[in-house]
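Join these two chains into a complex; the hints should help.
Going down the list, the protein sequences come from chains E and Y.
Its first residue numbered 16, the first sequence is counted upward by one per residue in the numbering used here.
Its first residue numbered 53, the second sequence is counted upward by one per residue in the numbering used here.
Do not take every clue at face value.
[What the hints assert, rightly or not] Keeping only pairs whose Cα atoms sit at most 25 Å apart, straight-line, the calculated SDA-like set for lysine to any residue is:
(1) Y:Lys256 with E:Gly62
(2) E:Lys242 with E:Gly216
(3) E:Lys234 with Y:Asn114
(4) Y:Lys245 with Y:Thr278
(5) Y:Lys215 with E:Ser70
(6) Y:Lys256 with E:Gly216
(7) Y:Lys215 with E:Glu69
(8) Y:Lys245 with Y:Ile59
(9) Y:Lys256 with E:Phe65
Quick caveat, the hints were computed from the structure, so don't treat them as lab data.
Small disclaimer: the values here were computed from a predicted structure and weren't measured.
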Amino acid sequence: MTKELWKGNEAIAEACVRGGLEAYFGYPITPQTELLEYLSWRMPDLGRAFLQAESELAAINMVYGAAAAGARTMTSSSSPGVSLMQEGLSYIAASNVPMVMVDMMRGGPGLGNLAPTQADYFQLVKGGGHGDYHPIVLAPSSVQEAADMAYASFDLADRYRTIVIIAADGNIGQMMEPVEMPVMRELVPRDRGWELTGNVGRPRRVIHSLNLSPVEMAKINALIQDKQRLIGANEVRYAERYAEGCDLLVVAFGSAARIAQTAIRQAREAGLNVGLFRPISLYPFPSERLAALAARTRKMLVFELNAGQMLEDVRLATGSSAPIEFFGRMGGVMPLPDEVLEAIQLAMPGPRTNGVYAPKRVAPIGLN
Amino acid sequence: MTEELKIVYERPHALTEAITHYCPGCTHGIIHRLVAEVMDEMGITERTIGVASVGCSVFSYNYFNCDFASAAHGRAPAMATGIKRVHPDRMVFTYQGDGDLAAIGTGEIIHAAARGENITVIFVNNAIYGMTGGQMAPTSLPGMKTTSSTRGRDTKTTGFPLKMSEMLATIEGAAYVVRRSVHDPGHINRTRKAIRTAFEIQQKGLGFSIVEILSACPVNWGMTPTDALHYVEHDMVKYFPLGDFKVADTVKALSRG
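Next up, chain Y with everything else stripped away, as it sits in the complex (with noise of 0.2 Å):
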């Protein structure tokens, strides 16, 4: 008697072979994955183009199999509003971290939101700037040590963390803002739904979709990949909430996670 082997786990078709750069215990490699199933659900990966920003996932290029521009640091919203407007019956997505989208790109992304462009964006925000080496981001919690606030965050001079979900939700043209973790299985999950309905939302055609998703940087806040995880957990959700800031009516029927 002959068994059928199944399939139950492989490499998204939406994934290239190249090995990821990524360190050990970064969530960058899990928010890939999650994107590249959703594609491969969706069957849209062909008619996909991604724009990758300037950080840790400058190279998200070469990870996804799809057509993809790299946009200057902070304009990958103006770049993917371009390509939409000259091909809007192809899903554009960005991939931005929080340097990215936080700092230098609040214009673009602000914009993009209003105008309800419909793109869908992934931002992955682990509240610190990975690529360059650990220095303090718009998004660092007040008293995180980083290579440019050794003595931790100081908010009398440097302010208080930006919380670009609650911001982003005050904004009519976008139709879903909403914040996730990758910091265990179950709410690894729920960001697999919410990245779903985020491209789901651009397929119909229904306005602007923005998940934000808490990550991990164990290099860079110096910690072990499991202690990392917790510090999302305990740490980043008490300042950064999870949960859906704003959910269009139009959404509300789509919206699974």
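One chain only, chain E, in its complex shape (with noise of 0.2 Å):
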């Protein structure tokens, strides 16, 4: 199959049109607009709707109806708009009711900026809006990634009733990299047994959040934890490299995990022992594979673009096995390979106590 050149909103956009997309309701917000105005012609060549919301709050609502009505939908934002989003999702999530989001994350808290961070971690993996439940989050660290979730992302939906968040840093929508674009998928219809379409012929249907019984509430609550547990069971998704008794693991996703790649290819270059580990679903965390690597290594070091958020997920993974440390870059700014390989020489453990190994301090390796 041929590879073209794909901007990541776009590619993720043409990539859920093929995997069966039928209604798209958004808003416009910086870096993910392109993604929108790409839909806004697509979708109505297709026959397919289309519809540019009067705000991100308005859009998830379209998004919750066209999902209750047995629609593949989705919606599209950024960080301050995902904000808005939250009550939808709580709704959503509470009627057990399938849809898709991209989150093309920017820089917070408040308006931010347009620069791109992970700094929505918290928000999409440990929920946002109220209530017990949590989507499943992945995120991609290249264009083809994206492109590859968005198309099976309806599918992983349905498949529990749930919402699939496709967490990118504002990187990944806006650069261009060679792409593969699956098939175009026929859309069929469907009658799973709850979407209301009309009563015909059948017994009426309710889509609702509202449980006024707290029995009746704890019911509804253990059935979506329920369903939190198989998904913990079957769609855990995580890359690594060198990974398997390394001295030092690091730890990143999305872009920061490529640019860590980078750096720790020169580092193993200088010959330190640095391997990657690289969730890909951030819900459901990977966490036992991480636990196992982290009994095997002698240190971690956790890369992220925000604060330390999935750093509290890799303290609950693996507990007291090995020290963490932490790099990070707050409000948008995005580091260099060069940044992280000294973070990576700082951070490397000392001198095995048995004098087998002790490692250099490398010199960091300038842009030639």
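Set out below in structure tokens:
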């Protein structure tokens, strides 16, 4: 299959279309607006629903309606807009209605800025909307990976009747990379037994999230928790390189992992035994694999474009297996590989007590 | 000789047999019935998807005999938009109170009208927050005593009641914007006709329709049900005049109320 150069936002949009997207509702916000703009002509061309809503608040509720009506539907936004959508996500999660959201993370808190960050980790992975629920959160680190995730996201959401969030730092949406686009899927009409389509020849259905009886509410919550356990058992994704038995394990996701990859290559060329663990599913977090690696490494270095959010999950997953250091950049500042290399050098664990191994302090490698 | 008994009055098929939770004297019951009678008449129940809102009528999804979604507070027009855009051949309506539509939901209702969204909105205006125990609403009358305006609504600090029909009528996408009341049988009949017209407008794809219905809230107004109906007739109508505020040309042929 041929590869074409695609801008991240547009690649995700096209991949969603090919994956069976039937209705899109969104609102302009940098750095994801190109996704909305692309769909504004692509969807009507295919006779599918597209609407630029009056706010993110309205957009997520339109998604709720279309999803409750059985359509494969999505929205996209960036950090401040996602904050607005949290109410809607909570309602959607409570009623077990599937949908997809793309978050192109930018600087915050507040209005922030347009530069890429990973500072929505907490609001996506830990909740953000009220109540006990967790969307599936996937973090791509390339345009190809983002497109592949987008293509498969509707099936994934349908499988568990859950929310799937593609959490990309703003880089991914803006950069252009070669992508092999997946094949266009045919839209197939479905009736899975819960969609609101008009009760012709069947009992009526209701999609709601209000349960005044605490006992009933507990039952609904228990079903959601069962679903989370199933997701936790089946949907863990990660990638790793040189991770087994390394002296220092760098833990990073998204664009941070790519920058780390370059720094790690340079560090290894200089004789440092550094590895990389890249969570791809932020929820369910790959705790088991990370814990196993932590038991076989001497130290971990968590590298994120935020003040330390995934850091907490790394701590939870690995306990006191290995000491953890943190290197972060806030506000949308993107470090170059040499900064990460310096952090690696500073974090490298000291000489082993049996005297077999003593790492050298390597001078930072310049841009040549 | 056997006499054939003729049914002259029964529960509309578009209403379920659930016993409603509304207070004695609440006109939600009447309005639910009017909507259901129209659905029966037009034979559209099985192709209708309703959107409940948040307020006393939050359980409307238990009372109507069709598919129903339950929206967040104020968001019903957005949810209805999502449903209608993916099922354009279904009848989609929202059922909202004044707190839902005229406070938190002002953005969503204006833009649904602006888009000429082909949905029908049943707007029940009782000038107070019923569900949460009687607080002031954006539609509460000046001087009205409520649990959050215990000395009476002070227009200096809380402004004046919002006249939603008058405002929405200025929007080009709105095809039918009318205000009715249900305080006596004559007005109940005219409300029913307006609801029928609104649903026909949707059926014919003529645009956005909304029927604002002045409603009584005896418990939170601190009145008997009869006094409450008088309050609607004499006091509310002074501030919220009944009438047709927007009837698009394409709709004029249909309008009977």
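Hint check:
A hinted pair counts as satisfied when its Cα atoms are at most 25 Å apart, and Lys256 (chain Y) with Gly62 (chain E) qualifies at roughly 21 Å. Restraint check for Lys242 (chain E) and Gly216 (chain E): not satisfied, since their Cα atoms lie roughly 30 Å apart, outside the 25 Å limit. Restraint check for Lys234 (chain E) and Asn114 (chain Y): the C-alpha separation of about 20 Å stays at or below 25 Å, so the hint holds. Restraint check: the Cα-Cα separation between Lys245 (chain Y) and Thr278 (chain Y) comes to about 24 Å, which is no more than 25 Å; the hinted pair holds.
Taking the CA atoms of Lys215 (chain Y) and Ser70 (chain E), the gap is near 23 Å; set against the 25 Å cutoff, the hint holds. For the proposed pair Lys256 (chain Y) and Gly216 (chain E), the alpha carbon gap of about 24 Å is at most 25 Å, so the pair holds. Using a Cα cut-off of 25 Å, the hinted pair Lys215 (chain Y) and Glu69 (chain E) holds, with the two alpha carbons roughly 22 Å apart. Only pairs whose Cα atoms come within 25 Å are accepted, and Lys245 (chain Y) paired with Ile59 (chain Y) is accepted, the gap being roughly 22 Å.
Under the criterion of a C-alpha separation no larger than 25 Å, the hint pairing Lys256 (chain Y) with Phe65 (chain E) is consistent with the structure, at around 22 Å.
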